[in-house]
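Asks: Sequence:
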Amino acid sequence: MLELQLLRRDPDFVKKKLAVKNFQPLSLVDEVLSVDERRRKMQGEMDEVLNKSNIISKEIGGLYRNGQRDEAERKKSEASALSDQAHEMKKELQKVEKELFDLMVHLPNLPHDCVPPGKDEHDNEVVKEVGELPELNGEYVKPHWELAEMFNIISWELGVKITGAGFPVYIGKGARMQRAMIQYFLDEAVKAGYMEYQVPHLINEDSGFGTGSLPDKEGQMYHCRDDNFYLIPTAEVPLTNLYRGDMLKEDELPIKLVGYTPCFRREAGSYGKEVRGLNRVHQFDKVEIVQFTTPELSYKTLDAMVAHVEGLLKNLGLPYRILRLCGGDATFASALTYDFETYSAAQKLWLEVSSVSNFETFQTNRMKLRYKAKEDGKKHLVHTLNGSALALPRILATIIENYQTPEGIVVPEVLRPYTGFDIIN
RNA sequence: GGAGAGGUGCCGGAGUGGUCGAACGGGCUCGCCUGGAAAGCGGGUGUACCCCAAAAGGGUACCGAGGGUUCGAAUCCCUCUCUCUCCGCCA
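The working numbering numbers the first residue of the first sequence as 458 and each following residue consecutively.
Hint data in this document are derived by calculation from the structure and do not stem from the laboratory.
Just so you know, not all the hints are guaranteed correct.
What the hints assert, rightly or not - Here are the simulated DSBU-like cross-link-like pairs (lysine-lysine), alpha carbons at most 30 Å apart as the crow flies:
1) 498 x 757
2) 706 x 836
3) 576 x 509
4) 473 x 555
5) 473 x 585
6) 547 x 533
7) 548 x 498
8) 555 x 835
9) 555 x 532
10) 599 x 576
11) 473 x 599
12) 547 x 825
13) 713 x 648
14) 515 x 548
15) 547 x 532
16) 533 x 648
Assemble the whole structure, with the sequences as input and the hints as a guide.
Replies: As structure tokens, this is what we get:
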């Protein structure tokens, strides 16, 4: 959630930034301000009534103590009227507060200065492209879903039997590849100073709200009706919410967390080749890194996280490119997002395998996560960042396609200590 | 799932209708004392919102959450939630 003070201070700036994000209608900003003004006025009036009521109540207490019962009784009706009035005002105020909140919740985060304007993925900016696009020839240009079936390492059919489409079952070396990647990614993160966590895969509403997943992405999450829990769409949600509501000391920052979890996404509305094979599934595994930091350091931190993800891709030997997402393609909560894509040779397709974002104070304003500055002891909202490091299925898809040979699928060197085999055949 | 006990400030822990934003103790912090320290003494020590150009100051709310009773609620009533103990079930 944006900070209301910012809207009050500089509504034009906010509008300008929202325009970059392709947000409509900008008049929402004015609406917020007018509701906010109404709210303040109402609160002032209510406080005044409450103040009077409190004074009289105290007087009544005093009168009783002095034995002036009659005088006290007489004052009661006056006090009663005031408290009724305050009660009504409170109800009205709550309505307006709710109104204000509902409006604020619909404002996305403001994009960072370097975010290019734009509508959708076509306007994203390619920042960097690394590695040779592999030239496959002859018959060895099969897409990963064919190879996976061929070597019996993934079964879509079994997944359908157990659950439904989009729930692949990994078998034998396929399962071990998964486990190897998880372990490798976790080890690399721990080496880089991240604290490993194992967190719940179900979250409550407050957690969903904290990261901005609710109400914005409600339809994307699986919901357990009976208990009102949601299946996590990413470890970002539980990891970030670990610190919800806290007041940190500046010395405690930065905080670096890493966690492996499965991720569940309904992906309503997806279709076609987009969802073939591992390209888009309802359940997948991911290692996620999260950082909490000060506003001064958060963009440096973002760079460091980008570098970390880049390191992983380099080590896996996959051709990749980094995109700076344009305003329209970046998510609701992010101020700046870099997407990583690997090139899947057989599909001749760039697949998104990581997304690294700085949310600045957008999440912490919702979560009320602050820190006390060393300098002046003042409280500020913490900056949050996160990134996939990495999401497994598309990495696996890319490995399967790019490393196919007449003998089988060659396992990238860095994974071999974890898999215990060097070829899938 | 059943029965019971309980959630108070940074921590411990009082408080069962008015003078309670909350005793007392600890912690932390500032000052005095000291060559320095300890002990001791004295002061300070929550958050959010509103009024105010700002500061000073003032107001309101907050004792797990939300409602209710009352002129007045940390205190009484209801609902929810979490923790603990016992029983049942169980990886």
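Asks: Would you mind marking each hint as holding or not holding in the structure?
Replies: Quick rundown of the hints versus the structure:
Restraint check: the Cα-Cα separation between residue 498 and residue 757 comes to about 42 Å, which exceeds 30 Å; the hinted pair is violated. Between the alpha carbons of residue 706 and residue 836 the distance comes to roughly 9 Å, so the proposed pair stays at or under 30 Å and holds. A hinted pair counts as satisfied when its Cα atoms are at most 30 Å apart, and residue 576 with residue 509 does not qualify at roughly 55 Å. At roughly 26 Å between alpha-carbon atoms, residue 473 and residue 555 fall within 30 Å of each other, so this suggested pair holds.
Restraint check for residue 473 and residue 585: the C-alpha separation of about 28 Å stays at or below 30 Å, so the hint holds. With a CA separation close to 21 Å, the supplied pair residue 547 and residue 533 stays within the 30 Å bound. As the CA atoms of residue 548 and residue 498 are separated by approximately 14 Å, the hinted pair is consistent with the 30 Å bound. A hinted pair counts as satisfied when its Cα atoms are at most 30 Å apart, and residue 555 with residue 835 qualifies at roughly 29 Å.
With a C-alpha separation of about 35 Å, the suggested pairing of residue 555 with residue 532 is violated against the 30 Å cut-off. With a C-alpha separation of about 34 Å, the suggested pairing of residue 599 with residue 576 is violated against the 30 Å cut-off. For the suggested pair residue 473 and residue 599, the alpha carbons sit about 47 Å apart, so the restraint of at most 30 Å is broken. Only pairs whose Cα atoms come within 30 Å are accepted, and residue 547 paired with residue 825 is accepted, the gap being roughly 24 Å.
A hinted pair counts as satisfied when its Cα atoms are at most 30 Å apart, and residue 713 with residue 648 qualifies at roughly 12 Å. Proximity of residue 515 to residue 548 is assessed by CA-CA distance (about 24 Å); at most 30 Å being required, the pair is judged to hold. Restraint check for residue 547 and residue 532: the C-alpha separation of about 23 Å stays at or below 30 Å, so the hint holds. A hinted pair counts as satisfied when its Cα atoms are at most 30 Å apart, and residue 533 with residue 648 does not qualify at roughly 69 Å.
Checked against the numbered hints given earlier, this structure breaks hints 1, 3, 9, 10, 11, 16; the rest are met.
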